[in-house]
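Chain residues, written in single-letter form:
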Amino acid sequence: MTPDLSTLPSRRHLWLCWVILMSMTGVSLVAGDPTDDRRLPFLGVVILLVAAAIKARQILWVFLNLRQSTTTWKATLAAFLAVIIVIVLGCAGVSALAR
Amino acid sequence: MEHQDDAVGWGALDSLPGNPLIWILIISELLVFGAFFAGFSVMRALHPMAFAASQAHLNRMTGGINTMILLSSGACAAMALRARAEEGVRRCRFWLAGAGGLGVAFLLVKGYEYADEAAQGMSIDTDSFFTLFYLMTGFHALHVILGLIILTIVSWRCQQDDIETGTAFWHMVDLIWVLLYPIVYLIR
Numbered sequence: 157m158t159p160d161l162s163t164l165p166s167r168r169h170l171w172l173c174w175v176i177l178m179s180m181t182g183v184s185l186v187a188g189d190p191t192d193d194r195r196l197p198f199l200g201v202v203i204l205l206v207a208a209a210i211k212a213r214q215i216l217w218v219f220l221n222l223r224q225s226t227t228t229w230k231a232t233l234a235a236f237l238a239v240i241i242v243i244v245l246g247c248a249g250v251s252a253l254a255r
Numbered sequence: 035m036e037h038q039d040d041a042v043g044w045g046a047l048d049s050l051p052g053n054p055l056i057w058i059l060i061i062s063e064l065l066v067f068g069a070f071f072a073g074f075s076v077m078r079a080l081h082p083m084a085f086a087a088s089q090a091h092l093n094r095m096t097g098g099i100n101t102m103i104l105l106s107s108g109a110c111a112a113m114a115l116r117a118r119a120e121e122g123v124r125r126c127r128f129w130l131a132g133a134g135g136l137g138v139a140f141l142l143v144k145g146y147e148y149a150d151e152a153a154q155g156m157s158i159d160t161d162s163f164f165t166l167f168y169l170m171t172g173f174h175a176l177h178v179i180l181g182l183i184i185l186t187i188v189s190w191r192c193q194q195d196d197i198e199t200g201t202a203f204w205h206m207v208d209l210i211w212v213l214l215y216p217i218v219y220l221i222r
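Heads up: the sequence lines are chains A and B, in that order. For my numbering, add 156 to where a residue sits in the first sequence, where the first one is 1. For my numbering, add 34 to where a residue sits in the second sequence, where the first one is 1.
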């Protein structure tokens with residue numbers, strides 16, 4: 157599939173995407189507090205995974221330009237992300253309950 | 035008959051950006067890393083105290099710095115594809131050089147991090163946390179190196195289709211890291 161200019165995200169859109177990615181990394185650093193070794197509250201884990209999901213979606217939809225692809229591919233990749241996040245969250249939830 | 039042969043393509047892969055072959059690689063890698071993430075999370079749920087003690091040896095801040103470096107590199111790669119369509123070869127190579135330079139910076143920070151962990155006596159044999167840590171981050175770093183080689187090759191020819199294929203691989207490397215960083219470094 158050869159891209160033409162009209163199907164690619166605009167420069168403004170790419171910069172906006174980069175700002176969102178940096179902001180979400182900032183959110184991850186605040187929620188995950190890299191300077192503290194204590195266990196995170198479950199809400200902190202949820203915030204980290206939501207920020208990661210937003211970043212992953214931006215990379216897929218804008219940088220990889222998958223918004224131009226078919227609904228099937230978009231749904232498949234979104235489902236892949238959702239499965240990973242549910243597994244990680246589920247395991248973190250089990251740990252939190254066992255505390 | 036000849037017309038039918040010409041019509042045979044890559045099926046669903048034809049609607050994805052870049053050469054369909056790169057997507058076979060990208061999907062395979064996503065599944066491999068998906069299994070790593072699931073396995074790591076299950077192991078942490080089974081051994082929370084041991085994982086927390088080992089994770090405390092990681093330099094979480096360098097991981098955060100590397101996240102910003104790699105995401106900026108991905109932005110440069112996306113700019114390169116647009117520049118190739120809009121402004122031509124020179125501008126495209128400028129952005130690809132930026133993407134590659136930031137990729138090298140990522141590897142240098144990763145090397146510093148590995149040296150720091152080695153100085154603390156942490157190796158792949160230390161425990162299950164560090165076995166998984168080195169396998170996942172090392173495998174990812176190998177993909178960064180492969181991505182740098184691919185970016186160099188596509189930059190040399192600088193054809194629109196090749197740039198799209200090379201940058202698709204680079205964004206996959208980005209995508210894996212944004213999931214790996216919180217799962218391995220931050221969740222505890």
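Some hints here could point you the wrong way.
DEER-style ranges, computed between Cβ atoms [what the hints assert, rightly or not]:
| hint | chain 1 | residue 1 | chain 2 | residue 2 | range |
| --- | --- | --- | --- | --- | --- |
| 1 | B | Gly43 | A | Val186 | 15 to 25 Å |
| 2 | A | Asp160 | B | Leu142 | 30 to 40 Å |
| 3 | A | Val239 | B | Ala86 | 20 to 30 Å |
Keep in mind the hints are simulated off the structure, nothing from the lab. Owing to the predicted nature of the structure, the values given are computational and were not obtained by experimental measurement. Each residue gets a CB set at the ideal place from its N, CA and C atoms; glycine is no exception.
(request) With 20 to 30 Å as the target window, see if A:Val239 and B:Ala86 comply at their CB atoms. (result) Cβ of A:Val239 to Cβ of B:Ala86: about 25 Å, so the range 20 to 30 Å holds.
(message) Given the hint of 15 to 25 Å, is the C-beta distance from B:Gly43 to A:Val186 inside that range or not?
(response) violated, 47 Å
(message) Against the range 30 to 40 Å, how does the distance between the Cβ atoms of A:Asp160 and B:Leu142 compare: consistent or not?
(response) About 37 Å separates the Cβ atoms of A:Asp160 and B:Leu142, which means 30 to 40 Å holds.
Violated hint for the displayed structure: number 1, the only one.
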